[in-house]
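Novice: With the hints as your guide, set chain B onto chain A.
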Amino acid sequence: MSAPPVVSKQASSAKASRAPGVAFIFKKALISALVALVLFSLMIGVRTEAGPVGQLIYWTRFGDLAAMVATVFGGSIVVELLRQWWGPVGTIRVVPAPVQSALSFAGRLVAPVLLVFTFLVPVIFYDQRYILDLGILVLTYVMLGWGLNVVVGLAGLLDLGYVAFYAVGAYSYALLATNFGLSFWVCLPLAGILAAFWGMMLGFPVLRLRGDYLAIVTLAFGEIIRLVIINWQSLTGGPNGISGIPRPTMFGIPLSPGDDGLAARLGIEFSPTHRIVFLFYLILALALLTNWVTIRLRRLPIGRAWEALREDEVACRALGINTTTTKLTAFATGAMFGGFAGAFFATRQGFISPESFTFQESALVLAIVVLGGMGSQLGVALAALAMIGGFELFRGFDQYRMLVFGIAMVLLMIWRPRGLIGHRAPTVFLERNQAISSDLVKEGHG
Amino acid sequence: MSGDHILSVDHLSMRFGGIVAVNDLSFGAERKKITALIGPNGAGKTTVFNCITGFYKPSGGSIRLTHDDGRHIQLERLNDFRISKLARVARTFQNIRLFPGMTALENLMVAQHNALMRASGLTFLGLIGAPSWRKAEAHAIDLARTWLDRIGLLDRADDAAGNLPYGDQRRLEIARAMCTEPALLCLDEPAAGLNARESAALSELLLSIRADQGTSILLIEHDMSVVMEISDHVVVMDYGVKIAEGSPQQVRDDPKVIAAYLGADEEEAIAVMESGT
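Chains A and B are the protein sequences, given in the same order.
Position 183 (the first sequence) corresponds to 183 in the working numbering; numbering is contiguous.
Position 167 (the second sequence) corresponds to 167 in the working numbering; numbering is contiguous.
Hints should not be assumed to be uniformly reliable.
Said to hold, decoys possible - Restricting the straight-line Cα-Cα distance to at most 25 Å, the calculated cross-link-like pairs of lysine to any residue (SDA-like) are:
hint : chain 1 : residue 1 : chain 2 : residue 2
1    : B       : Lys85     : A       : Lys27
2    : B       : Lys57     : B       : Ile243
3    : B       : Lys85     : A       : Arg299
4    : B       : Lys57     : A       : Asn322
5    : A       : Lys27     : A       : Leu411
Everything labelled a hint here was simulated from the structure, so no lab data went into it.
Model, not experiment: these values are computed from the prediction.
Extracted from the complex, chain A is given alone in its bound form (with noise of 0.2 Å):
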């Protein structure tokens, strides 16, 4: 997409950046018609099929074709015409200065009462279990998001192995359950610091990769994790998982219908939504944990060289900082969360298997990081939010939803390339706490 015409600054007036003219758009909308004819004339032009006896059958729909090309060709016009009206151009001077401080004012808002309406979920929804179900998958990846964020939104490595790292966390707990009859609450932080230990393993041969290099050995890594996962049967059992994963307890009083039950002790009827709500304020803990934890975490000096070493890694080396244990801290921090997380999706399914963490769910965690604007703990969750809830509103469309979500990606990396809030806050301030330009945050690079 090429960029919208250059309107020249003087002109103020609103008409004058409408001015470029209707050649443009016409010849824009003409080269767009011809691709369209181009990449549909054997798409939709020609239509083939099996006979009967297998030969080949065919016939031509150009009349479709036809409303195709003139669909793509009239739509070029009105999107044109739309970027010139409400286009990035002069979007500032269109949008009013009370709608702008009232937007900001609504932009502060977001996080408290996203916060809030999280507590009440269970409260509003308690009869629905689809919604308790899909709330604490978004609120998993949530917890994936901010643990990835530590890597690659604060350090600026790039790591698309992230999954082995949940799969670390997974199996622990499941194999350390299964075999040792250890509670959920002693796994836990056993399965965050088995996690953070691969983090480190990791860690240690990446160390002089940058960029390209060193997305292909997390890519790698992520890979051999699960691979291990499938052959080495005796311990994990291979392609069949793990089964019968204990269900957490509350503090040593188990969620069950049984006499020693949470529900016979408090006295009241068993509902099996009880384990729901309470799965559900667990993630919502580990959750918060973590976003507390990585905001603690960027105000402490750790925290600043991981910004230092994203923003100039020789200017680090020059401060005295040691590179080597800053990016190992930052895999075994992110790597410990995503074991949290694994720990808590063992003890929810009950059930594992190396099915559950493929290339698909590092890219999509990724994704969530990237979307939200790296660094940014609200931009991640709205973007968690956004992709795993905006991705369950299309069930119905099976076919279109994929589609919807490409569009969706695509308009969101024209409009706001670096994700849904791409400013930094500081860490410290003397006076003023304002929010650094997305333009000058470096991505990192490597």
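Specialist: Chain B only, in chain A's frame:
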């Protein structure tokens, strides 16, 4: 070499493949003095800097740093961040390397990383918000504030470093290096791209650093007005070797230096050199 040298470079050589960038260079930088390293473009000045600050490993020779308490450190044996952390040698870069997406204040806080890391109990004390950590952080902000005030950027403390004007960025980079509380400050062309007023302010800043902090300064500079005004000792390099050293006055009148700078052709230069020795 006589005198109280904080830095002694002995027979330093640096080769890149067949190219000899620095050849058997020896010089010293005196404690609490400003030493300038000058020479035409491509003379190997920045290579010397990179050897001193650990970005290159020298092919030969020794670089010894002597601290105030008489402790010797062989810089060529340390690498990377340890030069700044253990030997307390700070540097700035020819092309400014600030953290552009962080505020001026944050830049100075990052520079105090090692001190703050200890104070935060390797993050754990800081995570629980221990009082000792809060005190250390307040102290670090105070130090940063002091330096911002000294370079005249206090009112822009909360602006992104990448948004500052060029001259301010240069001064901020020096302040950032000073926040590591170095014994030796190495400046790579600090006056490059500054106008006359800004270079005068820079000279003042460097003189005040030497006077107030007692930091020894080693600088590479092309701006002769700055070099002549503030240097106590000047070392002149050309084609990787030292061709002269002495006080600014001595160096200015040295025929070899004049030949090197005016680009006398080779035979003439040799003639001048021979007549000089």
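Novice: Against this structure, judge whether each hint is valid.
Specialist: Do the hints match the structure? See the list:
Between B:Lys85 and A:Lys27 the alpha-carbon distance is near 62 Å, which puts this suggested pair outside the 25 Å criterion. For the proposed pair B:Lys57 and B:Ile243, the alpha carbon gap of about 23 Å is at most 25 Å, so the pair holds. At roughly 21 Å between alpha-carbon atoms, B:Lys85 and A:Arg299 fall within 25 Å of each other, so this suggested pair holds. Using a Cα cut-off of 25 Å, the hinted pair B:Lys57 and A:Asn322 holds, with the two alpha carbons roughly 18 Å apart.
Taken as a hint, the A:Lys27 and A:Leu411 pair is honoured in the structure, with Cα atoms around 23 Å apart against an allowance of 25 Å.
When held up to the earlier numbered hints, the structure conflicts with hint 1 and nothing else.
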